[in-house]
Each structure stands twice: as structure tokens, then as C-alpha cells.
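K.L.:
Next come the chains, spelled out residue by residue.
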Amino acid sequence: GNSVTQMEGPVTLSEEAFLTINCTYTATGYPSLFWYVQYPGEGLQLLLKATKADDKGSNKGFEATYRKETTSFHLEKGSVQVSDSAVYFCALSAVGSGGSNYKLTFGKGTLLTVNP
Amino acid sequence: SQTIHQWPATLVQPVGSPLSLECTVEGTSNPNLYWYRQAAGRGLQLLFYSVGIGQISSEVPQNLSASRPQDRQFILSSKKLLLSDSGFYLCAWSVGGVSEKLFFGSGTQLSVL
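Protein chains in written order, with my numbering: chain A, -15 to 100; chain B, 6 to 118.
Hints are computed from structural coordinates only; laboratory data are not their basis.
With a straight-line Cα cutoff of 35 Å, these simulated DSBU-like cross-link-like pairs (lysine-lysine) come out: (1) Lys92/A - Lys85/B; (2) Lys92/A - Lys84/B; (3) Lys84/B - Lys106/B; (4) Lys33/A - Lys106/B; (5) Lys106/B - Lys36/A; (6) Lys106/B - Lys52/A; (7) Lys61/A - Lys44/A; (8) Lys92/A - Lys106/B; (9) Lys61/A - Lys106/B; (10) Lys106/B - Lys44/A; (11) Lys40/A - Lys106/B; (12) Lys44/A - Lys92/A; (13) Lys33/A - Lys92/A.
If you anchor each label on the Cβ, the simulated ranges turn out as follows: (14) Tyr23/A - Ser6/B: 17 to 25 Å; (15) Pro24/A - Ser89/B: 20 to 28 Å; (16) Asn99/A - Gly57/B: 43 to 51 Å; (17) Leu95/A - Gln60/B: 32 to 40 Å; (18) Gly21/B - Ala1/A: 45 to 53 Å; (19) Ser67/A - Trp12/B: 21 to 29 Å; (20) Glu0/A - Gln78/B: 44 to 52 Å; (21) Gly32/B - Asn99/A: 37 to 45 Å.
Heads up, the beta-carbon is just placed ideally off N, CA and C, and yes, glycines get one too.
All chains, please: the whole structure from these sequences, using the hints.
P.N.:
As C-alpha cells, this is what we get:
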């Protein structure tokens, strides 16, 4: 079946530090890949996505590149801010039965804390 | 614009009591609807999804059930709660037929004591 593995947290960084959160996946076929972010006390929001190999998703200074050869979708940001403190989830969407996408498979989430 | 409402925000229930969590979506028609549970240290687990009224798919065997009595209403229920049902429950929707982007509600923190 499909699965997503992301690095264990928590991750604690100082402001302006470089961030990498690793994510690898297992899936049949050619999934779409996502990063969702959950700020304290809120639901999840889509941060970025990539739908095919070598695509790069980017948003709010975050980037992730779909690497089919390593089945990875690592999240990076060059200079984090205190406001980036949140839980980050890697996810994949694969074609379900009947040829329609109905489900996302999520990783366990990585808590990021950025200190001033 | 589309909005999703989920309530209550927090809930404390004794073991063995019933449960009803409600989720409604506004501003869209025929959405796909989802219930996820976020348990400590276990990430997000898909519990149920629905592609239409009365159509419910269950992902994992458990003590919970879901119903969709109206197009934009999704209800999560239990007849008798267990301690292991504690967690953060998230409702979500996506455009019907294209599910790649999910829109999440603000969640319900359920504590079963």
C-alpha cells in the first residue's frame, strides 16, 4: 500500500537558519506529493505540491522537489522565521479504485519550533 | 467563497457515552468529505470518506461510524466511546472528482476519560 515517512521531530531552529524536513514515500503508480502545514490550534493548510517527477513546488519561501529516483519530497527553506513554527505534514495522493483520487496518505508530521 | 465548519472545538466525554461530531461545508456542491483523526505520535489517519449523499467508505475497522444525510453535511458518531477514541478529529473537503487539495476544518479535540 501507499505510505509516507517523514523525519521525526521535534526540530528546533534559530531564526534565519536553514530548514530541511525529509520525506520519502512508497506508492504504486505516479502519485502527487504535498506538504501541508498546521499552525497551533488550527486545521491543516496546503503549503505546496508537485504532481510529477522533477516538479518543484514552492510557496512562502518553502520549496520541495519531486524526486522519483529517490522517492523523496524533502521540504526546504533558506531562512526560517518565528512565524514558521508549526507542524508540517508530507502527503501523497494516488489514484484510487475506479480511476479517481479520493484519498491523501499523510506522514506523522514534524513539529518545527523557531526561536528568535 | 467556500468555508467549512466543524464543532464542537473541544469535547470531554466519559467512556461508554455516545458521540456526535458535525461538519458542514458552504459555498460548494457535491464535495468529497473526509474524517481524519490525529492521535498523539501517530500522525493523520483517514477514518471515513464520502463522495456523495449516503455513500460512506470506511478506511479502518473501529468503534466509529459516519453518515452524510445531506450533500454538505458529514457526521461522525459512536454509540459507546472508548479511551482509545481520544484524539484530534479533523473534517475536510475537496472538489468532487479531483481530491488533490483538501480544505480542513479547525478540528475537535476529544478527550475520553
